[in-house]
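**Student:** Position chain B relative to chain S; hints supplied.
Residue numbers (our numbering), protein chains in the order written: chain S, 1 to 693; chain B, 1 to 498.
Because the hints were derived from the structure by calculation, they are not lab data.
Values in this document were obtained by computation on a predicted structure and should not be read as measured data.
Just so you know, even glycine gets a beta-carbon here, dropped at the ideal spot from N, CA and C.
It is possible that some hints are incorrect.
Short derived list, chain B residues pointing at chain S, Cβ under 8 Å [as the list claims (entries may be wrong)]: (1) Tyr93; (2) Leu137; (3) Gln139; (4) Thr140; (5) Val141; (6) Val456; (7) Ala457; (8) Ser458; (9) Asp459; (10) Leu462; (11) Ser465.
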Amino acid sequence: MEFTCLSEGKGFYFPPCYILDICGFRVLFDCPMDLSSLTMFLPVSTDSFTMCNGEITSRSCQKSMDLESNVYKRQKIDKPLDESSLIRSEPRYKIIKNLLLWNVSFIDVVLISSPMGILGLPFLTRNKEFSAKVYATEAAARIGHLMMEDLVTMHKEFRQVYGPEGSGSRQWMKWEELELLPSELKEIALGKDGTELAGWMPLYSAADVKDCIQKIQTLKYAEEAFYNGTLIIKAFASGLEIGTCNWSIICPKGSIAYLSSSVFSSATAMCFDYNSLQRSDVILYTDFTPCNGSNISNDGDNGSATADPNQSIDNVNWEAIADDYQEMEKLDFICSCSMDSVKAGGSVLIPVGRVGIILQLLERIALCLESQNLKVPIYIVSSVAEEMMAFTNVIPEWLSKQRQDRLYSGQPLFNHVELLNDKRIQLFPAIHSLKLLTNWQEPCIVFCPHWSLRLGPVVHLLQRWCRDENSILVMEEGVDASLALLPFSPMKMKVLQCSFLSGIQSQFSRPLLKTLQPRHVLFPEKLRQHIDPSKNLFSSSYYSEGETLNVPNLKENSELDIAVDLASRLQYTTLKQGNINIARLKGELAIEQGKYRLLPGTEQGVSSQIRPVVHLGRINLDALLTELRKIALNITVEETTSADGSYKASLVHVLEPNKATIEITKAQTLISTADKNLASQISEAISSILDCF
Amino acid sequence: MAIECLVLGAGQEVGKSCVVVTINDKKIMFDCGMHMGYLDHRRYPDFSLISKSGDFTNSLTCIVVTHFHLDHIGALPYFTEVCGYNGPIYMTYPTKALAPLMLEDYRKVMVDRRGEEEQFSSEQILECMKKVTAVDLKQTVQVDKDLQIRAYYAGHVLGAAMFYARVGDVAIVYTGDYNMTPDRHLGAAQIDRLQLDLVITESTYATTYRDSKYAREREFLKAVHKCVAGGGKVLIPTFALGRAQELCMLLDDYWERMNLKVPIYFSAGLTVQANMYYKMLINWTSQKVKDTYATRNAFDFKHVCSFDRSLINAPGPCVLFATPGMISGGFSLEVFKQWAPYEGNLVTLPGYCVAGTVGHRLMSAKTPAQINIDQDTQIDVRCQIHQLSFSPHTDAKGILDLVKFLSPKHVILVHGEKPKMATLKEKIQSQMGIQCFDPANNETVSIPSTHYVKAVASDALLQSSLSPNLKFIRKCSERGSDFGGLDARTKPGLKVFR
Chain S
1 MEFTCLSEGK
11 GFYFPPCYIL
21 DICGFRVLFD
31 CPMDLSSLTM
41 FLPVSTDSFT
51 MCNGEITSRS
61 CQKSMDLESN
71 VYKRQKIDKP
81 LDESSLIRSE
91 PRYKIIKNLL
101 LWNVSFIDVV
111 LISSPMGILG
121 LPFLTRNKEF
131 SAKVYATEAA
141 ARIGHLMMED
151 LVTMHKEFRQ
161 VYGPEGSGSR
171 QWMKWEELEL
181 LPSELKEIAL
191 GKDGTELAGW
201 MPLYSAADVK
211 DCIQKIQTLK
221 YAEEAFYNGT
231 LIIKAFASGL
241 EIGTCNWSII
251 CPKGSIAYLS
261 SSVFSSATAM
271 CFDYNSLQRS
281 DVILYTDFTP
291 CNGSNISNDG
301 DNGSATADPN
311 QSIDNVNWEA
321 IADDYQEMEK
331 LDFICSCSMD
341 SVKAGGSVLI
351 PVGRVGIILQ
361 LLERIALCLE
371 SQNLKVPIYI
381 VSSVAEEMMA
391 FTNVIPEWLS
401 KQRQDRLYSG
411 QPLFNHVELL
421 NDKRIQLFPA
431 IHSLKLLTNW
441 QEPCIVFCPH
451 WSLRLGPVVH
461 LLQRWCRDEN
471 SILVMEEGVD
481 ASLALLPFSP
491 MKMKVLQCSF
501 LSGIQSQFSR
511 PLLKTLQPRH
521 VLFPEKLRQH
531 IDPSKNLFSS
541 SYYSEGETLN
551 VPNLKENSEL
561 DIAVDLASRL
571 QYTTLKQGNI
581 NIARLKGELA
591 IEQGKYRLLP
601 GTEQGVSSQI
611 RPVVHLGRIN
621 LDALLTELRK
631 IALNITVEET
641 TSADGSYKAS
651 LVHVLEPNKA
661 TIEITKAQTL
671 ISTADKNLAS
681 QISEAISSIL
691 DCF
Chain B
1 MAIECLVLGA
11 GQEVGKSCVV
21 VTINDKKIMF
31 DCGMHMGYLD
41 HRRYPDFSLI
51 SKSGDFTNSL
61 TCIVVTHFHL
71 DHIGALPYFT
81 EVCGYNGPIY
91 MTYPTKALAP
101 LMLEDYRKVM
111 VDRRGEEEQF
121 SSEQILECMK
131 KVTAVDLKQT
141 VQVDKDLQIR
151 AYYAGHVLGA
161 AMFYARVGDV
171 AIVYTGDYNM
181 TPDRHLGAAQ
191 IDRLQLDLVI
201 TESTYATTYR
211 DSKYAREREF
221 LKAVHKCVAG
231 GGKVLIPTFA
241 LGRAQELCML
251 LDDYWERMNL
261 KVPIYFSAGL
271 TVQANMYYKM
281 LINWTSQKVK
291 DTYATRNAFD
301 FKHVCSFDRS
311 LINAPGPCVL
321 FATPGMISGG
331 FSLEVFKQWA
341 PYEGNLVTLP
351 GYCVAGTVGH
361 RLMSAKTPAQ
371 INIDQDTQID
381 VRCQIHQLSF
391 SPHTDAKGIL
401 DLVKFLSPKH
411 VILVHGEKPK
421 MATLKEKIQS
431 QMGIQCFDPA
441 NNETVSIPST
451 HYVKAVASDA
461 LLQSSLSPNL
471 KFIRKCSERG
481 SDFGGLDART
491 KPGLKVFR
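Looking at chain S on its own, in the form it has when it is part of the complex (with noise of 0.2 Å):
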């Protein structure tokens, strides 16, 4: 069994991505994309146009100036970053490199853990190669396609600037202009080490979502899912966000745990199984959390959430632990930085791409503002996010036990419902629609995609707002703040940065692991420190990007099960040799959920009588000499070998009553003779000294 690690992502929105080679099945974890450097790219913009029409004559100027002096580039290699730096193209989209060096073919499973893990799929799914099945959650594949649906939407803002695809588009991707980018922009583009061009791909287009959707076979959390019979793939809630999961795998050799980021309590998404999880013999740790993020330093005061790293498994409550509180008190701020802005007159962006938070913010921000009575109003401006909030009231077996209750007790599962019918949100499809055009009105809070602040509705309004200093943006960490900003600078705009929970923070993950049994874990060799083995219970190992490791063999033979009736059969002989008792069998070889079994065949009556006999064990000289001196044949021996000494005999020839001779290989005993009943005779007395049955 084999472990490798493709990519080890960036957090929340760039999940890790593995390959696991279980039982001879090739599993590949997650397929996300690396949207954060979409920050390369110039945004289009509403004013774009005119600054366009100004920049392609001083581009064309530029391509003249390029043949007359390399001086130019040198300084624009050299100049600090700003707007002009960036690149000024159709956006291509990053995906695993690594993933790239593996035949799409030898693909046999795919298991998407959380709706920003199925971003990348499509460039999967449409290549005619790809074969393999894949599962995902319910909610996560809804999500996930919701996501893929907007993002091409978005993407079409683009083509509408700079036309189809042509070679312009690629013009970037040529090495000399590559050797003039920015060293910033050009780790972007090339990577650390300067290998990542390769992933940079043309989006996929609607038709490659819809198809790779109809590949998805979605599941419930604790369904069963069997992969060829022999693989049983089962689906537990990681409380990360709706429809996020982890994963179990259990082949007949053993049971492995794919445990990616998650989160005790949520506030939306169904908490975090953990449970489900235990006594798997190896788990795959896969949550970066720890060096993920300013989530722990940033928060300052966390003496009161940190677990006493002695504290036994029966002590802990994980229920108690609940980084709820902090939670909430983040999302208490940003409600409150908001009413500022409004009561100011500014208004309020938050192109945060995490279902769950939205949701929350929603309740808590209509509220605020019903509390404080401020009629200012709320849009959700989103190709899907009609479909978005109709689906996030029609899913409670998704979501958080708070949120079920709501549903025990008739109420919406979320208030935005009532506040949709109180026109208090107001949903629309894009920027430049009718209903928006009639019915906008600022101050007023937006909630848009897309976060890395290049793409969607937040260009355009960012654009309108920047110069406005009582608007502010709300903004995850994590993206790097200055380079997304780079195009709307000067910003005098407030911005707040905030970061979300989004997987199990260290000083929780030893009590966890504790809980959870397992035999072996995975660690990423980035939480070595974090780990202490000396007080682990459990064997541990550590994985690199781009490596491979070994899983320990989890065990030596397969469990197999023979039916009873068939086993009431069996005639068992003891053999010579020892205290073995071995016997014949005939059935029929099932693999069926995840178990061998052992059944009688169709063929039924054929007893054992008919069978020929079978002789086991190796011929002893001495014993079989005394035997034929038994029955009173005359002998002698003689030891052979060939000139090469590969082929050993001891040939035994019967001298009286008549002639015969005996060859004796490690393989096969040989019995010459013109004399039937002596033949007999010869064979009775080694049948005698070996096993038969």
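**Tutor:** The following block gives chain B in isolation, referenced to the frame of chain S:
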């Protein structure tokens, strides 16, 4: 080893479904229903047969409830709050959400209108529901180390499920009520091909074969339309959930198409609130309804308004949905008394009414007729009576199809009428060669179970058996000589079974 099935209810009858199945020390109660036709101790299953001492929590591993109809869940609050069962209870999300409404509705009918002593209070219903663990379809729930249960879609009503239970190698399915053909708002039952020792199936329509549902629906709509066109009033007695929504969708759609303005009423407290639940649980409806929810939720009825008591004798035509179904009492009986004597009015009855209810008496009556409501009330029934011929239960073909598909080793029939069950039992035994039982209440059926012997198999054996590979065999025979006397050619593991 054997599977023991103790039928506490719905044995050779319909009502108070309750079967206790014992598989290797694990005791699972499937459904905990009440009988609508009785008011004495016979309304509940005889729980004393489970445990003489009354320690139900330790005698049962868990309770599984298939859907929210009272004959499947009616006794649950009594069992948990009065009898003191405190163990795990499983049902689907919609059942957990909707069951309290049904139970509360029933409790009100019993106490408020019949003036009976209540069997359980509102608080007890809520307490009982708190003990319930909701499950999703196909979610494999590990009840304890050995017992696994899983719900499959059953159609019938929103959230209805068949339950699969497995202990070790022994597996059974209890169907509850199900429907093998999709209807206006629900899909058809769906289940995986499983290896089963036993299937316990309902058999309400053990001998009925039905044709297309759409023709029957048209009949219903025509009857209603004819009545309101003539200025009559239509009474549709239903339970709060399920049939009410299905018929309402039919009517709402028909009203829209025919541009009718006649009001459709829901009696107070009934389904308007229930529709809220239906909207959230739309993923449990049929594919067609699901596909359209983003633009318009099918349970946003356009033509429906709520009813006021004063409208009972108001002039003009109308359609009224009133609880409870089968006119067993309460508001539907009150309205029935007022409307029944007029020829222009119409009462619709479901395909099945429990014996002892007014509905049951109406089914066999020919109008005009005299119907005894109770000892001292008699009504002249002159109104039209339309019997709904579409039912959310599967017909005999559906039962046979399901049994054939699952091909279990044994079948037990429950939830049906004795003579019809006997016919179906005969059919299953002769056509499919599957042993079939139809136990009466309080009888126990014991059937043998499958069992496997655990063994360990070498990879070489498995690999060569599953994918014959000549190269491998040669390699093995080379190795065979290293083993010494072991002759590879006769090594039994290398035989390829096809």
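**Student:** Decide, hint by hint, whether the structure agrees.
**Tutor:** How the hints compare with the structure:
At about 6 Å, the closest approach between the beta carbon of Tyr93 (chain B) and any beta carbon in chain S falls short of 8 Å, and the interface hint on this residue holds. With its C-beta approaching chain S no nearer than about 6 Å, Leu137 (chain B) sits inside the 8 Å limit, and its interface hint holds. This hint holds: Gln139 (chain B) has a C-beta 4 Å from the nearest C-beta of chain S, less than the 8 Å allowed. Checking Thr140 (chain B) against chain S by beta carbon gives a least distance of about 5 Å; that is within 8 Å, so the hint holds.
Because the beta carbon of Val141 (chain B) sits about 7 Å from the nearest beta carbon in chain S, less than 8 Å, this interface hint is met. Below 8 Å, beta-carbon pairs count as interface contacts, and Val456 (chain B) has one with chain S at about 5 Å; its hint therefore holds. For Ala457 (chain B), the interface hint holds, since its Cβ comes within 8 Å of a Cβ in chain S; the closest pair sits about 4 Å apart. The closest approach between the C-beta of Ser458 (chain B) and any C-beta of chain S is roughly 6 Å, which is under the 8 Å cut-off, so the hint is satisfied.
Satisfaction of the interface hint for Asp459 (chain B) is found here, the shortest Cβ-Cβ separation to chain S being roughly 7 Å, below the 8 Å cut-off. Because the beta carbon of Leu462 (chain B) sits about 6 Å from the nearest beta carbon in chain S, less than 8 Å, this interface hint is met. Annotation: Ser465 (chain B) was flagged as interfacial toward chain S, and the flag holds, the nearest CB pair being 5 Å apart, inside 8 Å.
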